[in-house]
Structure formats: C-alpha cells, structure tokens
Amino acid sequence: MALVRTRNLTKIYRGDGVLTPALTGVNLTIEAGEFTAIAGPSGSGKSTLLHLLGGLDLPTEGEVWLEGTRVDRLSRTARARLRLAKVGFVFQAYNLIPVLTALENAALVLELRGVPRRERETRARAALRAMGIEALADRRPNQLSGGQQQRVAVARALAAEPKIVLADEPTANLDSKNGLALIELMHRLNREAGVTFLFSTHDPRLLAHARRVIHLEDGRIVGEERRE
Amino acid sequence: MILLAWRNLWRAPGRSLTTAGVVALATFVGLLTFTLFWALLNGIFETSTAKTGHLVVRVRGYAEKEALADRLFPARVADRVRRTLPGAEVEGVLGYPVLVAGEGRALAALLLGIEPGKRNDRELIKRHLVGGAGLEEGGAVLGRTLARRLKLAPGAAAYLFAPGSLGQGSGFLPVTGLVALPEARMEQNFVATDLATAQNLVAPGMLERVEVTLPGIRRFANRKLIEKARAVLAAALGPDYEVLRWDQAYPGMATLLSVSQRWLYLFVGLFFLLAGLMVLNALYLSFYERIRELGVIAALGATPAQLMRLVFLEATLIALLGIAVGTALGLFTAGWMSHGFPMIAAEEYAQFGIPKTLYGELHPGDVAATLAFALLTTWLAVLWPAYLAGRLEPVVAMRHAGA
Ligand SMILES: Nc1ncnc2c1ncn2[C@@H]1O[C@H](COP(=O)(O)OP(=O)(O)O)[C@@H](O)[C@H]1O
Ligand SMILES: [Mg+2]
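Going line by line, the protein sequences match chains A and L. For the first sequence, the residue numbers in our numbering are 1 to 228. For the second sequence, the residue numbers in our numbering are 1 to 403.
Okay, chain L solo, but in the shape it has when bound:
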C-alpha cells in the first residue's frame, strides 16, 4: 500500500512537488512569522525597557497620593535596592511638577532629577539631544517644543518654580541642552536636571522613584526573570513601597504586545487555511484522475477502509515531505536570525521604538503549533478525497473516464 501510494506521488511529480511545496511554504512562513514576531517583540522590549528600566520602585498607593510631597521617599531606599539586587543598575529619580518661565511666559512641566551618566541620561538625553552639550551639573535640559514656546535657547536661563516644595522652591538654571523626544506631549513638558540640583529645588535627600535595570536581560521571554527579581525586591522593601514591572508601570505597551500576539495567531491560521485549500485542490485533482483505477482496486477486493487509507497515506506522504522541508528551512532561517539581523526600513520603524538590529527567536511551542497547523490542514484537505474514495462504487468508478 505504501509502495503504491509512493509510486502514485511520482506519477505526476510536478503536481506532487507543488503540493509539497505549498505545505513547505506554509510551514516555512509560519515559522518565519513566529520568529519575526518574537524579534519585533524583543526589539520593542529592548527599546522600551532601555527607557523605563525593568522595575520601578514607588511609594505604595502612589497614584492616590494627593499631596505631591507624599509621593517622595528617602534616597537611602535606593541603597537598599542596590544591596538586594547586586549587579543591577539602580537609578534614583526625582520627578516633580514645576512651572518653567522664559521670556515673559511660564508653562507647566515635569521636572526630572536624574543622575548624570546613568541610564536616563544615556537613553533620554544623549540619545535625543538636538542642541547644547547635554546634562550638566546645575543646568537644565529642555524639550525642544517647551524651549521654543518659552523662547529659551541653550545658554539662556530658565526660571523653575516647584509648588509645595520642601527645598528652595525656585531658582534660575542655565539651559544646557535641547532634546527632541519621540512623543510630542513629552517634549512639551520635559525639563531635566541633575539629581542633586532637583533635590535642592524640590526636596533635599528625597526620591520619587527608583528605576532598576537588571543585567543580561535582552529578550521579551526573560520577563519571568524580571518577575522573580520584582518579588525579591518587594519582599525586601516591605509594605511601604510598591515594585512594578515595566509592563505594569506602562500597561499600554503590555496591551499592545498581547493584542499583536492574537493578530499573529489569526494571521498564521488564515495562512494555513489558504494553504489547506490549495492542497485540497491538488489532492482532489489527483484523486479525480484515478477514480477508475481506485475502482479497479475496489473491484479486486479492497475494502472502503483500505481505499481511504491509500488516498490518505498518499496525502500524508506529501504533507510530511512538505513539512520536513519547510521545518528545515524555517529552523535554519530562525537560527540565522537569532544572531541578529538588520531591520528592513530601519529608519521608518525607529519612531515606533524598533531598533535597527533585531534578534529572532523561536519557541518550541511555536514550532509545535506550526507543525500541528500544517498536519491538521493537510489532513482536513485529504479527508474529502478519502471520504469519496471510501464511497466509490467499483462498477461506476471503472466506467469513469478519468483525466
């Protein structure tokens, strides 16, 4: 039976190969789609955590605190974080709403006190700097839009006023840099200075949050490690503080990722449906051509079950061949992409937070899902001809003109 099915494959090698090719292509594209998806996810993960860090420590109930001062906590908490998570990059940040005044005009902004040379400096300021020297002690870096509205150029002095302050409350800071940020709203109210200057102005020795970047985490799949570190840190800091993962602190990003994952499954599913219809077409054709021959085999004494098995076997051979080739190609490509590959049209995508180099990734579950999809669609495609083969009347079939 296997011999007969195998020989039949070679009867119209062109069509068999095309059918196997469709299955191979579907499998390959399925695997490639998963790999690319993870690469994009890793890219988005990498750029967004580069900006936010992996964990954020804040006062518990941060959002409900009415008085701004209640959102602040002593800077030694950052030391406790350092001791709890050795090897992590820990940065104390003091965020606080202020009024910034320039030439005859004052606008509300969000003051960010950050440590020079640390992550926020590197990722927020150096990366987006469009004028001036950057973050300097006692100076202010302004969002480009904010600076334009206040008619403040590098070298000019900005007047900052922090309402409800526990420190000096106000002061002149020379503008030492301008940044163009990806989000317009952020650019309109961005003003940064070094942590010490901000503390002087707002609250000496206090922080508003601590941002933690864990070492060696580059991939979205590492989020279990992040959760582990979060739990450890939350236990060490006690009930007065809340420790959030980046996706909890910025839920919009997490939602985007889970929605795109659903689209991905839909896309892969539709692709396999299409491939399944093409395979069905090819298999039905080769069945139709051989109705007469199947009738002879039936007349000789093959049971309906045997006929179905013959047709089924043939399709399965084609499918397995296609799946094997597609999987080999897919795994090979995924292996290549896991070492990093350049993003197509990197410049255009940079604004969505996708880096220039992406790292592909393929999870065993994705491979299993793709293979299951491929086998399932081919088997569904073969059920129809197999069903027809089982219902052939030998006398009628033998009179069939065939192709």
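Bound-form chain A, shown alone:
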C-alpha cells in the first residue's frame, strides 16, 4: 500500500469573488522511504500540494489518502490528530516558538502527543544530535542562525518519528552553502534511518540530491524523473 496517494486532486482558492486555481487534477503516489522533490516555479502550487497532503487544508475536489485513511473526509480535529501521529512539517520560515529553547522546540510535537517529559527530552536530544546541533539545545531561536533554526525545525519533525516529513522550501531562506548542507543531512537521514521526505524547492542545484523529482507547473504535474 502506498504511503500517500492522491486522485484528481484539485484546489481552487476563492477570495473576494476571484477564483484562483492552484492545483488541477493531480494524481500522485509516494511510497515509504522515498526522498522526493517537488520542483516548480513560484506560484506553481507546491505549497498548496504539501498542505493538502498533510491535511492542513481541504481540496476543492479529489482525494488524499494517507496510509489507507481518506484525509479530506476527516474533521478538523481528526486531521490534527493524524498530523500529530504521522506527519512532520518543515516550513520555509522555520516557525520555531520563540519562547522555547531548541530542545523544547524539538520536543513540542511529542509534548502535544502527551509523551512524558523525560522520554520526549531524550528523543528531542537525539534528533538534535542527528542534525548536528546538540550543543545548541538550550538556546532560544533568536540566538541561532537561520541554518541552525531550520535544523531545529527538522529535528522537531524528526523527533516524533513521523511516517513522512513534508518540507516546504526548507532552504529558501538559507544561503546556498547552508541550504545544501541541510539537504545533505536530510538525505543521510533518509538513507540511514529510512525517513520518508517530500520537499519542495525551486533551486535546481538541490534537485541533484533527490532520487525522484516531480515537476509542477500551473498546478499540474508536467513531468517526473527518477534516478538512483
């Protein structure tokens, strides 16, 4: 069974009487263990697709399946529970909680799950170690560089051991050196720990790392490459 599957996925935003089609008839399957990039220019619908896959938003039409569950049919609370249990998110703007330390940020998802303090700290620390920033565990986000913050954000997603990590342009706010380093780290976690990653980018240099690239344009899949 595929980890993620969509059928005829369509999203039309409507606001102030204007209809903006963001995704049109997307059919997509992601298997466990993939390291896949969604490539496309700005406005092509990458964020919209990731939001729909993660149950953050609802499609106008079509279906989203995650491990045999029809996500777009779930209530708001049920979608939240599903995200909490199975999906890790990394955002372009890091989105760490400023009042919490790196360790506490990394442990946040586990805390929402109700994992006891000792256990979630151990797991969050391990995730920070995997991202090579264990030494910064007690710093607040404003004491960290952009690259460090984004590593904390990835650690936050990893600590909860999700079925899939959805990363929406995780390197867009980083310089190319830090961006490349982050993607390499993610790739290693994919190879060594088997974490499934789906990330979007419009930086061609990062695409070289992906084993599968899905090209998006004007809300449609226009091509796909696989390499080993």
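One or more hints might be untrue.
[Unchecked claim] Listed next, the stretches of chain A that the computed footprint assigns to chain L, with coverage defined by at least 3 CB atoms under 8 Å from CB atoms of chain L:
#, segment
1, 50-62
2, 74-81
3, 94-100
4, 106-113
Calculated directly from the structure, the hints in this document are not laboratory data. Because the structure is a prediction, the values reported are computed rather than measured. Quick reminder that beta carbons are idealized off the backbone N, C-alpha and C, glycines included.
With chain A fixed as given, assemble chain L with the ligands onto it according to the hints.
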C-alpha cells in the same frame, strides 16, 4: 503546555504584569469595598443603637392604643427584664405628649422621663448639650429650637401640662439644659426630665417603654445575638408585651442598610465588569500577536481543544497571579482596618451618625464572592480569544502578519 503558557507570560512581561495588576486591583478593591461597607454599617449600627438600645419593650399593640394611659405599664416590668437578661443595661423610659409653656406661648412636645446617669442621659443629653448643666432632679432639658420659640433660657421655669394624666398633671420645672439634636423635628419637641419627676407629673410608678442595651455587642453582624435575646425576653414577659429589635422599632434604618447592601453588590459587579473588559483587551492583544505561532502549533498537530487550553491556561495563570496578590493585599488591609481606623472627613460624616473610628470587617462570604467575581470575569474575558484559537485555520494563521 503549562511550560509554554508560562513562558508566553514572560514574553511581554510588562503587559502580563499589567493584566495581572488589573485583576489584582479589582480583587483588592472588591475586598476593600466589602470591608469598608461593613465598617460603615458597624459605625451606623454603633451610633444608632447607642441612641436606641438593642431591644425595646412596649405594651403589645402599642401603636393602636387610643388612650395614652393604655400605653403605660408598671415599672416592675423593668426588674423582670433585668432578671431575664443579667448583664444588660436596662432603662425604664416614660415618654408622654405634653404642652410646654414659656413666655406667653405654649407648644406641644414629647416629654421623656429618663434615669439620670443611664444611657439616654449619656447619649441624648450629655452628648448634645449646648447650654446649662444637663439633666438634674426636678429640672427640664429642652431642645434648643423649642426653648428659643418659648423664649426659655437655662434658669427660667417651664410650665408642663400632661393631658389625661394619672398624676399631678402639671407643674413648673426649671430649665437646666439645652440640647442641639441631629434631627430638627426632634429638637422642636424635645423635653426631658428625670424619671421620678416625669412619673409624678404623668403616671406614678409607670413606664412607657424599657430600653435594653446588651453587653459586648459592637458589630452589625451581632444582630443574631440580639434576636436570640429578644426571643428569650419575649417568652419571659408573656403576651402582654412586645419586644422589638432596634431595627424593628426603627425600620427606616434597617431599610437604609439593606438598600445600601444592594448598591454595594451593584458597584462591585460593575467594577469587575470594567476590569473584565480591560483584561479582555490585554488577552486579545497577546492572542492576536501570536496567531501565526498558534497556527504553527496547530499545523504540527495540536487539536482545537489543545489550542484553546493553551490560551485558556495562560489567562488563568495571569488571573490566579492577580487574584493571589489582590487577595493578599485585601486581607492584609482588612486585618489592619479591623483594629479600627479613623474615618476620613469624620466631622462631615458625624451628622449622618457615623463615628470617628470605624471597625472594618470581612466575611468569608464576601471573600468568596470577590474571588468568584474575579475568576468569572477573567474566564469570561479569556473565552473569546480561546474560542478564536480553537477556530484557527493553520494555513491562514501561518500567513498572519502578527504584530
Ligand atoms: N490563500 C490563498 N488564496 C488565494 N490564492 C492563493 C492562496 N494561496 C495560494 N494561492 C494561489 O495559488 C497558487 C499556488 O500557490 P502556492 O501553492 O503557494 O505556490 P508555490 O508554493 O509553488 O509558490 C498561486 O497562484 C497563489 O497565488
Ligand atoms: Mg510556496
């Protein structure tokens, strides 16, 4: 979650402290208002019972008796009262309508036969004496206005006539004192003499009422003790007499007190409403600033219930902090005021029967009401942001510019 809520409080410590301060102030003022209210009530209670005593014994159906003589009863009833309530100050009083004549003019007045040295002497005459020596055997003390109208100065003789009298009926009494009384009407028809002289004039060996002052009663809250004594006395005296508490004998005062209590609750309620709006404003601001952040937490998988709990928890922490500080301050101040404190502008208030020193008081019910008010208003104030937090769409919230 608690950790996050706690940290958020310190994100804008100034605003959190201001919010907690508003709650603390509301709690403090609530407690202070209750304390002050009881202090005033105690003051009014003290001065009015100093004048009236705590209990009054009269003939049953006093008000309906047509013949004045039917309102009178033998003086030995006072002895029975003394035996029934040992330790109480018991004073027989003979009140009776008379005509007082001075220089070429006669006016109606109310003769009061009172016992020298007893409460009525101390509280009515010595306290308000503005001329002459005061109550003396065989002499008359007149209200200042009455004396002026009759052109009677201390030393002059007043002629008293008691219609329907069982005694002498009339006689000359030298004026031995003038009193200025708080109530003008009372000053116009006030004439007092010692009990024996009054009895000679009106009805030998008879009283019109017995006034009882119970020992150790200084506070309004003691009125249950007064009622207990009233019941005991009424049972001992039998059906021919009626025993009234001071608030029954003078219902105007009791009404005033119960009306002011209602105003008090209204005032405290309005104050909390105002404080609640200020708290709502502060809480909404700190919610608005963090919409984006709450959106992130929602995206990570927090359920609407969890988000609401987070926002709710934060406000409750602020409220509890404020309530704790306000209660501590309020209780401390109430404790200080319970030992007696000087009334502000005591001279001006004296005419309303408020003494110079007041004794504050705080009842557990008042504290409970204040705390309930405080918690309720903060919780109401937090419901709105909490409701909004529960309805956040993560995608929309994360795009929110925030502050
Ligand atoms: N909330 C929204 N309301 C209206 N239009 C939107 C909204 N979000 C995205 N869009 C539009 O949908 C299209 C796809 O956007 P998006 O998924 O953000 O693309 P990308 O992430 O590839 O830049 C764009 O035309 C964008 O303007
Ligand atoms: Mg985007």
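List of violated hint numbers, smallest to largest = Nothing - there is no hint that the structure violates, so all of them hold.
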